[in-house]
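Q: Listed in order, the protein sequences are those of chains X and D.
Going by the working numbering, the letters in the first sequence line up with residues 875 to 1042, in that order.
Going by the working numbering, the letters in the second sequence line up with residues 236 to 484, in that order.
Please keep in mind that the hints were generated in silico from the structure rather than gathered at the bench.
Each hint should be verified, as a subset may be incorrect.
In silico DSSO-like links for lysine-lysine, alpha-carbon gap of 30 Å or less [said to hold, decoys possible]:
(1) X/Lys-939 <-> D/Lys-480
(2) X/Lys-961 <-> D/Lys-348
(3) D/Lys-348 <-> D/Lys-368
(4) D/Lys-379 <-> D/Lys-360
(5) D/Lys-474 <-> D/Lys-323
(6) D/Lys-368 <-> D/Lys-379
(7) D/Lys-480 <-> X/Lys-900
(8) X/Lys-910 <-> D/Lys-474
(9) D/Lys-348 <-> D/Lys-365
(10) D/Lys-244 <-> D/Lys-365
(11) X/Lys-1009 <-> D/Lys-360
(12) D/Lys-368 <-> X/Lys-939
(13) X/Lys-900 <-> D/Lys-474
(14) X/Lys-907 <-> D/Lys-474
(15) D/Lys-474 <-> D/Lys-449
(16) X/Lys-939 <-> D/Lys-379
(17) X/Lys-900 <-> D/Lys-323
(18) D/Lys-422 <-> X/Lys-961
(19) D/Lys-314 <-> X/Lys-910
(20) D/Lys-360 <-> D/Lys-314
(21) D/Lys-348 <-> X/Lys-907
(22) X/Lys-1009 <-> D/Lys-351
(23) D/Lys-360 <-> X/Lys-961
(24) X/Lys-881 <-> X/Lys-910
(25) X/Lys-900 <-> D/Lys-379
(26) X/Lys-900 <-> D/Lys-449
(27) X/Lys-939 <-> D/Lys-449
(28) D/Lys-348 <-> D/Lys-379
(29) D/Lys-365 <-> X/Lys-939
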Amino acid sequence: MLALIRKPKVLFLDEPTTGVDVVSRKEFWEMLKRLKAEGITIMVSTSYMDEANLCDRIGLMLDGKILSVDSPAATVAAYPEPLFAIKSERMYNLLNDLRSLPYITQCYTFGEFIHIAINNEVSPETTLLPHLHEKGHQHLVFGPTQPTVEDCFIRLLNSTNKNHSNDN
Amino acid sequence: MITDEIVIKTNQLTKRFGDFVAVDAISFDVYRGEIFGFLGANGAGKTTAMRMLCGLSKPTSGQATVAGCDVYSKPEDIKKNIGYMSQKFSLYEDLSVAENIQFYGGIYGLSDKAIKEKTAELLAKLGLEKEAKTLVSSLPLGWKQKIAFSVAIVHNPRIVFLDEPTGGVDPGMRRQFWDLIYDAADKGITIFVTTHYLDEAEYCNRVSIMVDGKIEALDSPQALRTQFNVPTMDEVFYKLARTAKRSDN
């Protein structure tokens, strides 16, 4: 609130909600919405991707470079390959098994699921799922899922890291 | 890898500061190898509860044993059996990566030979061989937190307490951090962790949610979602925590 004493044109907020719980974060973002309605421009950094969704436009920055700037909807729409969500009873084993497969291009935990992107030439139904059954995974839940801003960010991070390792 | 051996047991554990009941008669068990998520709004009493379990603060009433040691009579024995890291303090910024590992190895009572081996092992595991002599202050937060976690378990403790270990860490690094947690749990180290990123609550075997000093819910993430009839842990938390009367702001 102190940042507003002298009604500014632009408000810079550097990770204002780090270490803040869900309820207080919601209230904080309600306040930002009201300030925006008053015509104040807000530039905010965050590591919570649900907050990125609430911005008009988001820039993803890594190693001093801006990797993309766009609206959340356009950022998500630009995700280049089909994304799937999968879970089983033994998530840590599933994560390791998926990571060892060459045709899985992205693989990371995402809440109760693991998100994976699969090489377009491979059919998950005839290749991936039989393989996982063979590995002893039971009660698999598998299906396509919509990418989120968080998926886009992780993908950019991973592809940039891969380029890094090529440099070395 | 969860076992049925209990490593943390609390019964009606309470801490009062004057008239204020920071922790109000909490009772729960945590099992060896379990990843236990200890959630709650800011000011709910999580840190006070954790301080009691770490042997740093004497309870007002109730019972608790941690790694088989009583919190009233054996707080020093508890400290030998646990690791601890927090978002706010973890490493010495003006020591290098290798010096931090050596320092904590010494604090936790490892031999010189073990410290040397552990230092090499950790640097290799984290892919930080080239950064061994780099001052911690110049590293990104995500790297610091991974080193801090590795240091907190350098003495192979029975339990590690993590107080918001991923606060302010980006989504990619948070997942790398959780890889380290899974790996430690798989080796039988019990993980007791707080977080405000509710996707991380899903990575826990069981989760408790504290509201105004009391534990209002405790179960697996799936069971809690079913119990509250909502699709995400975010909404479970919101339903419970919005009724809170107090906050630390």
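Q: It remains to establish, for every hint, whether it holds in the given structure.
A: Results of checking the hints against the structure:
For the hint pairing X/Lys-939 with D/Lys-480, the CA-to-CA distance comes to about 43 Å; that exceeds 30 Å, so the pair is violated. With a C-alpha separation of about 43 Å, the suggested pairing of X/Lys-961 with D/Lys-348 is violated against the 30 Å cut-off. For the proposed pair D/Lys-348 and D/Lys-368, the alpha carbon gap of about 19 Å is at most 30 Å, so the pair holds. For the proposed pair D/Lys-379 and D/Lys-360, the alpha carbon gap of about 14 Å is at most 30 Å, so the pair holds.
Restraint check for D/Lys-474 and D/Lys-323: the C-alpha separation of about 28 Å stays at or below 30 Å, so the hint holds. Pair hint D/Lys-368 plus D/Lys-379 holds up; C-alpha atoms about 14 Å apart against a cutoff of 30 Å. Pair hint D/Lys-480 plus X/Lys-900 holds up; C-alpha atoms about 16 Å apart against a cutoff of 30 Å. Among the hinted pairs, X/Lys-910 with D/Lys-474 is consistent with the structure: their alpha-carbon atoms are about 27 Å apart, no more than 30 Å.
Restraint check for D/Lys-348 and D/Lys-365: satisfied, since their Cα atoms lie roughly 22 Å apart, inside the 30 Å limit. Note on D/Lys-244 and D/Lys-365: the hinted pairing is violated, with a Cα-Cα distance of about 42 Å set against a maximum of 30 Å. Among the hinted pairs, X/Lys-1009 with D/Lys-360 is consistent with the structure: their alpha-carbon atoms are about 26 Å apart, no more than 30 Å. Distance hint between D/Lys-368 and X/Lys-939 is fulfilled; the C-alpha atoms sit about 26 Å from each other, no more than 30 Å.
With a C-alpha separation of about 13 Å, the suggested pair X/Lys-900 and D/Lys-474 falls inside the 30 Å cut-off, and the hint holds. Note on X/Lys-907 and D/Lys-474: the hinted pairing holds, with a Cα-Cα distance of about 22 Å set against a maximum of 30 Å. Only pairs whose Cα atoms come within 30 Å are accepted, and D/Lys-474 paired with D/Lys-449 is accepted, the gap being roughly 15 Å. Among the hinted pairs, X/Lys-939 with D/Lys-379 is consistent with the structure: their alpha-carbon atoms are about 21 Å apart, no more than 30 Å.
For the suggested pair X/Lys-900 and D/Lys-323, the alpha carbons sit about 23 Å apart, so the restraint of at most 30 Å is met. Distance check on the hinted pair: D/Lys-422 and X/Lys-961 sit about 22 Å apart at the alpha-carbon level, within 30 Å; holds. A distance of roughly 49 Å separates the Cα atoms of D/Lys-314 and X/Lys-910; the hinted pair therefore is violated under the 30 Å criterion. Taking the CA atoms of D/Lys-360 and D/Lys-314, the gap is near 26 Å; set against the 30 Å cutoff, the hint holds.
Note on D/Lys-348 and X/Lys-907: the hinted pairing is violated, with a Cα-Cα distance of about 58 Å set against a maximum of 30 Å. Among the hinted pairs, X/Lys-1009 with D/Lys-351 is inconsistent with the structure: their alpha-carbon atoms are about 38 Å apart, more than 30 Å. Note on D/Lys-360 and X/Lys-961: the hinted pairing holds, with a Cα-Cα distance of about 27 Å set against a maximum of 30 Å. With a C-alpha separation of about 12 Å, the suggested pair X/Lys-881 and X/Lys-910 falls inside the 30 Å cut-off, and the hint holds.
Straight-line distance between C-alpha atoms of X/Lys-900 and D/Lys-379 comes to about 29 Å, which keeps the hinted pair within the 30 Å bound. As the CA atoms of X/Lys-900 and D/Lys-449 are separated by approximately 23 Å, the hinted pair is consistent with the 30 Å bound. Restraint check for X/Lys-939 and D/Lys-449: the C-alpha separation of about 45 Å exceeds 30 Å, so the hint is violated. Taking the CA atoms of D/Lys-348 and D/Lys-379, the gap is about 24 Å. The hint holds against a cut of 30 Å.
Taking the CA atoms of D/Lys-365 and X/Lys-939, the gap is near 23 Å; set against the 30 Å cutoff, the hint holds.
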